[in-house]
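Participant: Chains as they are written, first to last, in our numbering: chain L, 1 to 340; chain U, 1 to 277.
It should be emphasised that the hints constitute simulated quantities derived from the structure, not laboratory data. Just so we're clear, the structure is a prediction, and the values are computed from it rather than from any experiment. All residues carry an ideal CB built from backbone N, CA and C; glycine is no exception. Honestly, I wouldn't trust all of these hints.
Said to hold, decoys possible - Facing chain L, from chain U, some residues (calculated, C-beta under 10 Å):
| hint | residue |
| --- | --- |
| 1 | Leu-166 |
| 2 | Glu-170 |
| 3 | Ala-172 |
| 4 | Ile-175 |
| 5 | Gly-176 |
| 6 | Ala-177 |
| 7 | Gly-217 |
Said to hold, decoys possible - Where chain U lies over chain L, by a calculated footprint (3+ residues, C-beta under 8 Å):
| hint | stretch |
| --- | --- |
| 8 | 45–59 |
| 9 | 95–109 |
| 10 | 128–138 |
| 11 | 156–162 |
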Amino acid sequence: MSDASCMAKKVFMLSEIVKVEHLKKYFPVQKSFLEQLFTRELSYVKAVDDVAFSIRSGEIFTLAGESGCGKTTTGRVIVKLLEPTSGKIYFNGADITKLKGEKLRLLRRKMQIIFQDPYASLNPRMKIIDAVGHPLEIHGLAKGEEKKKKVLEVLEKVGLTPPEQFINLYPHQLSGGQRQRVALARSIILKPEFMVADEPVSMIDVSLRSSIIDLMLSFRKELGLTYLFITHDLAVAKYISDKIAIMYLGKIVEMGHKEPLFWNPMHPYTQALLSAIPVPNPERERKRIELAGEVPSAIDIPTGCRFHPRCPYRTDKCSKEEPQLIEVEKGHFVACHLMK
Amino acid sequence: MTSLTKKGPSGWIVILGTIIVSALVIMTAIAPWIAPHDPAKTRVGPIREPPSPQFPMGTTHLGQDMLSRILCGGSIMLQVSTLSVLVCFLIGVPLGLFSSYVGGVFDRACSLVIDAVYAFPGLVIAIAISAMLGRGVVNMALSIAVVYIPSYFRVVRSQVLSIKELTYVEAARGIGAKWYTILFRYVFPNVIPSIVVVATINFADAILTAAGLTFIGLGVEIHIPDWGRDLTSGWQYLSSGAWWIIAFPGIMIILLALGFTLIGEGLSELLNPKLQR
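Let's have the full structure, built from the sequences with the hints guiding it.
Facilitator: Spelled out as structure tokens, the structure:
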């Protein structure tokens, strides 16, 4: 191999900030005492079942899907708040799957998570200055006056102005939107490279959503942040993402860049989801694909294609053989038997 | 204070309890200066004299002034209960915190031992331990502490079990906090309200247990004035009509226990928003 191609490959590798391979996360199901006596085998909730994707530096990668499809679990496993059952996670090319202790703490400076519920993600007994400045103290970066200065700076950045008015308040004195800004401030104060945003706007007043999303987009430029954005709201996904992966029952069913995925959805599930997005024009006629039934339980996953019980186009093959994620167009992956 | 009165009846209950308790504490503190007689001195008046202008609460079977004994008699009880609450707090709370946060075998072992203690009737253990250790304020406090450590442990443990699953604890892990930082800055401050409630109710229980121990003769030396002591020596004379020897100490014990119970009940309603309408 020539030096040039070697270099090219290395550059390509480096630009991949996060990569997961065959990621699985199963939660054992608690059984009652009697059941434990009579059955040996454990049953599992297969929250994430063999997922693979990679996120390039500076990109906004969205995981979308109905609730219970495993998107949140995927995010938490990637930032190492949950241990994966199997599979590999790479961060900047290094395997972080088994990272523990001090090395994991150092890694946390570079990857952060922001949670869905701003009412639960802040310690009710910590003032804003301590909540936002705590990451600095934990990593020994700043204390006292210096901490205060940095906290003021970052509060200003997230739009809590004037910041002096906020630092001595407790979370219960703030509104939901303000709390989410505080949570955002806490996660960017360490200047991370990568952030998992777990439905950051779904619990916020609709009128404030776009301002918080715009704030997050501005950090992408300013701090060079890469996002893994988790949402069930396809309108939000359409607004912010570069790449989207649609998940169903712990698996990615379709993945690709935003435009091809929205203009030409290929998986029946994606088509159904997209047809459910409300259109602001009442004159425009649209075909709604309605899915039959409910999402099956993640404990008893259907055989073959896990979407087949609800799929309008199912064939015999669908209930027997599990479709693989294949590249249908360049950069557009679909897991469906109809594609062959 | 003003903010307490705005919170409805439970605020008033807390205030009432605080007034009772602080009145009794102040009374006991200044008793040596305001008592008309030496409470331990015998034969300051006639034996078993009913309440009269000279002896407003009567005299004991040894001719001691009852009023002076009531004023001074709370000291032992307050010392014992404060000390036992302190010991309970210092052992029960850290044990509950660690046990439930660490989990696993350590948690199971702790819970088993604590539940075993909890299963016994409290007074029986206190009597047994007190009988082994002998008399004295510290020994009484220790034997009472053993009885009430389980209530701290259980409350703290169940609180930590729910708090450690909350998002802000997960967020603390996400920013790279070490386990003890999470425990002391994120979990512990949120358990404190429940501990305060347990501690005040524990105060009331400790007072009653202390009275019980003194009543059966496991208290302090005979010459020290003590409400529980007076109950012991006085009940035999009830049949001869000397009601004042046990009535006044009994009322004082009830008042003190009532004061702490009011504070505890009021606080638990104030601090637990789910109980509020």
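Participant: It remains to establish, for every hint, whether it holds in the given structure.
Facilitator: Checked hints:
1. Leu-166: With a minimum Cβ separation of about 6 Å from chain L (threshold 10 Å), the hint on Leu-166 of chain U holds.
2. Glu-170: This hint holds: Glu-170 of chain U lies near chain L, its Cβ roughly 6 Å from the closest one there, short of 10 Å.
3. Ala-172: holds (7 Å)
4. Ile-175: With a minimum Cβ separation of about 4 Å from chain L (threshold 10 Å), the hint on Ile-175 of chain U holds.
5. Gly-176: Interface hint status for Gly-176 of chain U: holds (4 Å vs cutoff 10 Å).
6. Ala-177: Nearest chain L Cβ about 5 Å off; hint holds.
7. Gly-217: At 46 Å from the nearest chain L Cβ, Gly-217 of chain U fails the 10 Å test, so the hint is violated.
8. 45–59: With 0 residues closer than 8 Å to chain U, the stretch 45–59 of chain L misses the three-residue bar; violated.
9. 95–109: Answer holds; 5 residues pass the 8 Å Cβ test.
10. 128–138: holds (count 3)
11. 156–162: violated (count 0)
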